[in-house]
Amino acid sequence: MSYTSRMFLYIGMLIALLSGMMLLSFKTATDVVVSGSRDHLRHAALRKQEVLRAQGEELLSYTDIIVNDVRLQEYIYIIVELKTDKDGLAAYYDRQFGSLQVDAEVIISNKGDVLYGNENQALVSAVRKQQDSHGRREFIFRSPDGPVMVAMQPLVYQGEVLATSAVARLLGNDWLEKQEGASDEYLMFFENNGHVLWRSNPAYRDFRIDYDSQVISTSDNRIFYMHEVALPVKADGMPRLWFAASETRLLGMLNRYRDWAYIFSLLGGLTVLFLGWLMVRNFRRPLAELMDATEAMVHGRLPVLDRRESRTELDLLLNRFADVLDALRREKAKVKKAYRKLQETAITDSLTGLYNRRYLQEITPGLFAQVERDGRYLTAILLDLDYFKAINDEHGHLAGDAVLVHFSRLLKHNSRASDQLFRIGGEEFLVLNVAESPDGSVALAEKIRELVSQSPANYQGTQISVTVSAGISCCFGHSGEGSLSRLMRSADKALYEAKAGGRNRVVRHTSCEKASDSARRRVRNTSLSLVKNTNKPS
Amino acid sequence: MTRRLKKQLGAGVVLLAVFAMFVGETLAAPVQTKKVITGAGAHFAWVIFDSLKADLEKVSGRTIELHGRNSTLGMGCNAGIKTALQNSPDKETFGFVCCPLTDKEAGSMKLRVYPLALEPIYIVVNQANPISDISAEQVRGVMRGDLVNWKELGGADEPIVLVTRLHCKKRSGHWKTILPDVKQFRQQRMNVKSAADMVQRVSDFKGSLGHIGSTWTFGAQSRLKVLSVDGVMPTAENLRLKKYPFYRKLSAVTDNHPSKDVLKIIHEVQTGPAFHKVAQKYHLLPLQEAQETYAP
Chain A
1 MSYTSRMFLY
11 IGMLIALLSG
21 MMLLSFKTAT
31 DVVVSGSRDH
41 LRHAALRKQE
51 VLRAQGEELL
61 SYTDIIVNDV
71 RLQEYIYIIV
81 ELKTDKDGLA
91 AYYDRQFGSL
101 QVDAEVIISN
111 KGDVLYGNEN
121 QALVSAVRKQ
131 QDSHGRREFI
141 FRSPDGPVMV
151 AMQPLVYQGE
161 VLATSAVARL
171 LGNDWLEKQE
181 GASDEYLMFF
191 ENNGHVLWRS
201 NPAYRDFRID
211 YDSQVISTSD
221 NRIFYMHEVA
231 LPVKADGMPR
241 LWFAASETRL
251 LGMLNRYRDW
261 AYIFSLLGGL
271 TVLFLGWLMV
281 RNFRRPLAEL
291 MDATEAMVHG
301 RLPVLDRRES
311 RTELDLLLNR
321 FADVLDALRR
331 EKAKVKKAYR
341 KLQETAITDS
351 LTGLYNRRYL
361 QEITPGLFAQ
371 VERDGRYLTA
381 ILLDLDYFKA
391 INDEHGHLAG
401 DAVLVHFSRL
411 LKHNSRASDQ
421 LFRIGGEEFL
431 VLNVAESPDG
441 SVALAEKIRE
451 LVSQSPANYQ
461 GTQISVTVSA
471 GISCCFGHSG
481 EGSLSRLMRS
491 ADKALYEAKA
501 GGRNRVVRHT
511 SCEKASDSAR
521 RRVRNTSLSL
531 VKNTNKPS
Chain B
1 MTRRLKKQLG
11 AGVVLLAVFA
21 MFVGETLAAP
31 VQTKKVITGA
41 GAHFAWVIFD
51 SLKADLEKVS
61 GRTIELHGRN
71 STLGMGCNAG
81 IKTALQNSPD
91 KETFGFVCCP
101 LTDKEAGSMK
111 LRVYPLALEP
121 IYIVVNQANP
131 ISDISAEQVR
141 GVMRGDLVNW
151 KELGGADEPI
161 VLVTRLHCKK
171 RSGHWKTILP
181 DVKQFRQQRM
191 NVKSAADMVQ
201 RVSDFKGSLG
211 HIGSTWTFGA
221 QSRLKVLSVD
231 GVMPTAENLR
241 LKKYPFYRKL
251 SAVTDNHPSK
261 DVLKIIHEVQ
271 TGPAFHKVAQ
281 KYHLLPLQEA
291 QETYAP
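These protein sequence lines are chains A and B, in that order. If you count by the working numbering, then the first sequence holds residues 1 to 538, one letter each, in order. If you count by the working numbering, then the second sequence holds residues 1 to 296, one letter each, in order.
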């Protein structure tokens, strides 16, 4: 798998991981929020419970005010003792306690007569039932309009209990609405066996109550979590009071957060993907160049890499690699030069600089192939310095070497470009030439012989005269019989004849005579064909 | 700390001390009360002084400050006596009471008593009560508890609710013209602390019967009416003729060293012509006529 594929795979895994973490965080946050909301609801319900208890205390404090009013005590005393009219009591009571925040008030004498509040018959009945137990207390009873919270207390005058004062607050729709202000977010309601009897918000009527999860849903599919609010006093057959808080808004808010989380995940992922793509691209380009360079090196090339100005690790590596390639190129040039020098050393004679016998063996097949392919003549001039041993003996080997160098220089300077010059023995030299006619080689041999005889070698101021004998052999390309040994044997035979003939002379082998004749014929034939061709138009 | 800083701090402390002294003296300086004479006491006498206030200030050349309306803020006979005893050259005061002080009480407290007028005591019932006249003996019978139902007085079959205000128990006069001793009053009664309560109780109970001085101004919401006693209405004339049996003496009181201006004020009330208009309005019998009628 390429690094690009891996990079995309890693980025994809990173995006998946990030998305998973965000979703997990969202789920955890949802659980925490819902749990917190439940706690909040429980605390809110406890606060409602405390409010209810405080209202009960408030009612009791009202009864404290009422029963401890001395004038009221006198009024009641007079009414009870004198059995006079009760209008005065009503007038006084209304004047004195009319501002108390209660829904109903009664004063009932010990004998059960209603001294005040006769219109509140439900309350009168309830208080009469409770009147047997004296003392400051509160209780709740159920009325058609809702539960009624009552505080009652005996009224004592001069040590005698004359009556019972009771004040009541109706916990019906109005009271519930006052507690929550017809809020859409919170509800308070009394419920009995799944039936909602009184509610804080009249807009909500049809509730579906799930007691197990303590959730209610309204007809418009709003969800409320609910918690029971304990009434300050227990009463048989009393409906249960619930406080409920809407979670729709909260869940809606959480869903919006979730959507934003998705969007951020997507945007974040795309951003990471884009950045990853940029990184891969920046990472891949120098790598690709390195790979191309190494591929070229595998094939024996040392490419030139452009150096980069940026300072990333890969660019630095690439620049370093370019340095390595430059160094390799320099080393390669040195090796090549050394190889050439070595190769040259292997095929040349170190003293004269002419080719040696090994090179002769190397190039001979090529020359013969060329001669055979082109139908030309290969001429071999075998040269041998005369009485060279005597020179060594007389002047020393160094002087002999100087003579050899002198001769080689003459040979080089006077040979043709197509001539191949060899030193094949101590004082034996060979000149090979491929040409249309061997006559040129014969002329060259004669020229060399003459130059050598006329120009003595100089060794440490001593002029050493020397001569050279030459044998020439030829080989025609189409004969198919050419070989180096035969050519050399023929040249050697001619050289022997030159030596035998007195030295300082050039002897042609018969093969050369035949070759010369053949060449001349070919030339003549060619000339004639040219003449014929010239006459043809006429 | 540099010498310069020490000097600055020292100067600051001195300035602060001077400022504190100035402010302290300003705050501690007595309020200029030289031109003000303060009078306080029972509502029933307060009505007289308050009605004559402009005349009294003119006569005395002093500003008069009066307390006692509706006997609120702790006002009453005892407050009048207490105010009178607070008299000093810097703060001239006098008091007024609705009950006659005995010589013993006045002597022991070093008070001077200046009788002003006799005030009839109304016998009041609820407006719903058909009774309009009652005899003095019937009043006393009701007060004693001998009569407990209006039908015994020719009225409806309605229990009598007795409302009393038995104040100034150690002094003579006032309610004692009805029954001389508290113990003689019916136990099953409503004993109120103020005249306002009296009016309220009588207004509240249809079968009620109470008593109150004639200078009390009944409010519009009060539902009571004044009964004639033995066919005699509680007027100054009937007091002068000794036909109306229930009354009390309104007086002013000072310490033993009243200022001339205070005496001028009291004397003007006792003898001035303006007082007669007030007396006529509230059915008060002025001092001189009272002395002639009720001289010992």
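Since the hints were made in silico from the structure, they are not lab data. One or more of the hints may lead you astray.
As the list claims (entries may be wrong) - Computed list of lysine to aspartate or glutamate pairs in EDC-like fashion (alpha-carbon distance at most 16 Å, straight line):
1. A:Lys86 / B:Asp157
2. B:Lys193 / A:Asp69
3. A:Lys412 / A:Asp349
Claimed, not checked - One-sided excerpt, in silico: chain A residues whose CB lies under 7 Å from chain B:
4. Val70
5. Glu81
6. Leu82
7. Lys86
8. Gly88
9. Ala91
10. Asp94
11. Gln96
12. Glu228
13. Tyr257
Just so you know, even glycine gets a beta-carbon here, dropped at the ideal spot from N, CA and C.
A quick look at each hint next to the structure:
{"no.": "1", "hint": "A:Lys86 / B:Asp157", "verdict": "holds (15 Å)"}
{"no.": "2", "hint": "B:Lys193 / A:Asp69", "verdict": "holds (14 Å)"}
{"no.": "3", "hint": "A:Lys412 / A:Asp349", "verdict": "holds (13 Å)"}
{"no.": "4", "hint": "Val70", "verdict": "violated (9 Å)"}
{"no.": "5", "hint": "Glu81", "verdict": "holds (5 Å)"}
{"no.": "6", "hint": "Leu82", "verdict": "holds (4 Å)"}
{"no.": "7", "hint": "Lys86", "verdict": "violated (10 Å)"}
{"no.": "8", "hint": "Gly88", "verdict": "holds (3 Å)"}
{"no.": "9", "hint": "Ala91", "verdict": "holds (5 Å)"}
{"no.": "10", "hint": "Asp94", "verdict": "violated (11 Å)"}
{"no.": "11", "hint": "Gln96", "verdict": "violated (10 Å)"}
{"no.": "12", "hint": "Glu228", "verdict": "violated (47 Å)"}
{"no.": "13", "hint": "Tyr257", "verdict": "violated (62 Å)"}
Checked against the numbered hints given earlier, the structure breaks hints 4, 7, 10, 11, 12 and 13 and satisfies all the rest.
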